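Put chain B on the given structure of chain A with help from the hints.
If you're matching them up, the sequences are chains A and B in order. Start counting the first sequence at 0; every next residue gets the next number (numbering that gives the first Met the number 0). Start counting the second sequence at 0; every next residue gets the next number (numbering that gives the first Met the number 0).
Don't read these hints as lab results, they were simulated from the structure. Quantities reported herein were computed from a predicted structural model and do not represent experimental measurements. Each residue gets a CB set at the ideal place from its N, CA and C atoms; glycine is no exception. Only true hints are included.
If you want a taste of the chain B side facing chain A, the calculated C-beta under 8 Å gives, among others:
(1) F396
(2) F416
(3) A417
Take a look, some chain B residues computed to stay more than 10 Å from chain A by CB distance:
(4) E201
(5) M359
(6) L372
Pair by pair, the computed Cβ-Cβ distance ranges are:
(7) A:E242 - B:L372: 58 to 64 Å
(8) B:R58 - A:D146: 49 to 55 Å
(9) A:K115 - B:G300: 25 to 31 Å
(10) B:D377 - A:E244: 54 to 60 Å
(11) B:D377 - A:I185: 46 to 52 Å
(12) B:S90 - A:E133: 36 to 42 Å
(13) B:H383 - A:S154: 25 to 31 Å
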Amino acid sequence: MINDNAKTILSVRNLHASVEGTEILRGLNFEVKAGEIHAIMGLNGSGKSTFSKVLAGHPDYEVTAGEIIFQGQDLLALEPHERANAGIFLAFQYPLEIPGVSNRDFLRVAYNAHRKARGEEEIDVFDFDDLVEERSEIVKMDVSFLDRSVNEGFSGGEKKRNEILQMALLQPTLSILDETDSGLDIDALKTVSGGVNQLSTADNATVLITHYQRLLNYVVPDYVHVMCGGHIIKTGGKELALELESRGYDWLTAQEAVV
Amino acid sequence: MTKSISTTNVSASAVNRATYLKHLLTQASAAADESTLPLKALRDQAIATVSDHTFPSGRDEEWRFTDLSDMLSLPFQRAAKGTDAHQLAFSAVQSDYQLASLNGHYRSSDSKTLKQAGVVVAPLSELLQSPDYTQKLEAIVSSRLAQLQGAEEVFTALNTAGFTDVMVVWLAADQVIEEPVCVVRESEGEAIAHLRTLVIAERHAKLTLVESFSGTGEATRCNTSVTEIWLAEGAQVNHVRLQDESAETFHIAKTAVDQAANSRYQCTAIDLGAKLSRHHLEVYQSGPQTDTHMYGLSALGDRQLADTHSLLTLIHPHSSATQIQKNIVDDKAHAVFNGKVFVAQTAQLTDAAQLNRNLMLSNKARIDTKPELDIVADNVKCAHGATVSQLQPDEVFYLQSRGISAEQAQRLLLYGFAMEIVEKISIESLRQSLSDRLTEWAQ
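Just chain B, with the same shape it has in the complex:
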């Protein structure tokens, strides 16, 4: 008897998941129809891809620890432009290059674009109207947009089916931008939005990209985000990702990176907000001697969940990679880490190290960590480790013995744990702002 009830439930929820994904796809297509981007072929392909999927459940290995079923009862509608007239600004970083959007809709009033021979920082919607959008540039964009591996993943495809605009950053060969390029993503109201960013650094180009995701109000919402980053030979991209969404947000994101020979990519991803956040960080290689650094920090409380899924695929020799993911979980929060590293037979002399450190501040918090190293090459150096711990009483006592109260000692230790990641960020004002934010968080 019990068995038959449970079977009924499962199939009911399966139907529900199929319907729900269909609903999201309908909303995505409608959003795409409203946008002016001439991307019909790309959209159609994405729609077909999504149609082949069902909405993920705990039975999917990729979603084993991150339960999306709370979304099923939330019939999100596509996001309207938003009425909030307040200025979208990223106070932590001042820059002459900023692309701002509210609910995925580009806001020119809060943006500072650049369209010149060697550098483009602009939304695709505006580029299409611009005389600077040459055939050559159009060819560059269309050969890269939604062309990275992993595009068939369900939320990536959903994003492709429904993004309203694409924030485009393109640097011609040898172009170097010292100031960070800021992509500011803000959200309001109850809706689903699909955020898309495309970054292309040609040969030996160099830039710092700062993405910030935040929201206002208590409304339940969902943002999917896909950022594709292409590094040509010798290019360098320093990427900072700051996810500080409002408390009732589902944030499902992907950063997909392609690294050509001798390129250097660094990602520092900070997750502080959202009810549920997922970040897929996927790095693919198209040449030897790449250098990859993946740093992440999640600091969570209440019933927050943050999931970092990374994939590093090395198929060329002489590359180095470092990954450090740190999670702090308080209350009933839940952090998930799944770090896949694939070192093919052709990727000899790889030097890779992965470390996942977790700090549990409450016995009701939860950590799931799953390092996955698949190493086929035989002449490589690959290290990995994962730790889960609480604040060490001896460390607290050491600080106490110097006159620091137990509470302040704990805050200092938390701060120290987190700052190891924050210090990887090269922008001082942002480090300072995060340091203040983490001090506040630790209170």
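Just chain A, same shape as in the assembly:
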């Protein structure tokens, strides 16, 4: 939902970032306002996933130039957990398995970390159980998954649902969904998309990182960006995704090469 008067949530200017000395992001500019859904598309190696990890603060990625302002704060000055508590959420392409830690405990610890950061009291176990079971319905996740170890033995679809459940609990201001559609069958895709749509409000924003147009049939973006060579080379509306689907990326990347 585009509203020109909405406040800016994220502002990325001239961002350069490297991993192990190789520069991946090269002068990325990107802006997100409240209420908007953005899709970032592009070929493998274009820097999409790197961008999502830089936003979340992954220690392997070094920002060499530029700035990221999140709700008026210098995001790069924050530790990863501080970014999360400030309202950034990254849904992982490959969510990690944490054997021995129950999903329920993990979610409660994370939820309470957010509350503590906001100066609120920690929620007790029983109130949390009610809350998490209610939120599980958003992604149609069976509550038995709460008592299993985090993501351990979950199928690809279950892992992604679990990511959206975390999002539903933590209620971030900016959600970045990194290839959330990969490895999902059509039913799981519908469930996950339904969850994302349900959580999308006028006060928050979503960035979808994806290879394929398929997800965008279910979560309709306000903007579609094409990333290549570490920055955005074209921005359009949702129809750009359809055009990419039919024409591929060559016509754009060829232009980029000329530039």
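Chain B in isolation, oriented as in the chain A frame:
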């Protein structure tokens, strides 16, 4: 020149080891003489066995990674009864069956015994005085005490030569005890004590055994412990072993198990305490279709050493076995795992899996892992694996990205690693207590 000096040192230490073992044996015999147990033949045999040994050194394959030489300068005396009047209780488990001892001496005031037709939970010293100690029961005990394979191992024999009492648990056929039987072992003062437990589950009997080892004070001490467990056909024993000895303790223990046909044995051994601890877990088979589960967790810091040596000998067909040993080492701690599995030609259709996972929290910590699978049978399924790793940065980052600080993330991961073993324990109050203890440990 250098060579001759080193030769002199070696022989001096060899003499020292021989003298030292003699000293320990003298102390053990003296302790045996003070006890009232009429076990002279058994003791004499054990004394003869120990006399044939020397005190282990790093040259013995079995002791390659676990150096006992620090003991040589510690002339332990046999443990006195102990003066501490405080109550010996195992707060983590409430049970109507408890056998408590301080320094190996039975404490009736802190115990809850049971002597009836089908169930005995009592020290041998008390049983001998009891009218319930029938000839039949006496025959059962004497045919099992110190009769398991491996009795000739030096510390096992030393224990037999010197234990002051035997905690006896006997269940007649078809007897089932729902509540756990707790054997509480506490120690104080500078001394050596030999702790002995005998558990006999007759046909289709079923029980849970919880052994706890702990100590008070900073004194240097040594405990040897031998627990023999006999499972008759179809019997089930769920064994939890909690070693949380005080910081200057040498804890050298053996659990020896005999499994008859269709029996099920599970051991969950948690090692948190002691300066140096060694647990030999030996499981022998006397019938087919046995089911064996061996779980272990050592969480160590400072300069602690914990050594788990297991031996599973399968000689009958259609058996299954699972082993998971996990070690966490911080600071300059050292964990040793040697897991032997022997599958004889006669043990066809065995299904066995062994896994050893190690987590290193410090680059000065040390892990020695040695899985030893000796499989002669050709139609079996046997898997094994050993891993040594550090906390995975990606796992820490995943938790951080959910608002959890790096320190808290590390604690959560450690806890998770450890809880996989703790969760094998069926007693909820004990799981909770260990979970709290591990949370504290991870701080």
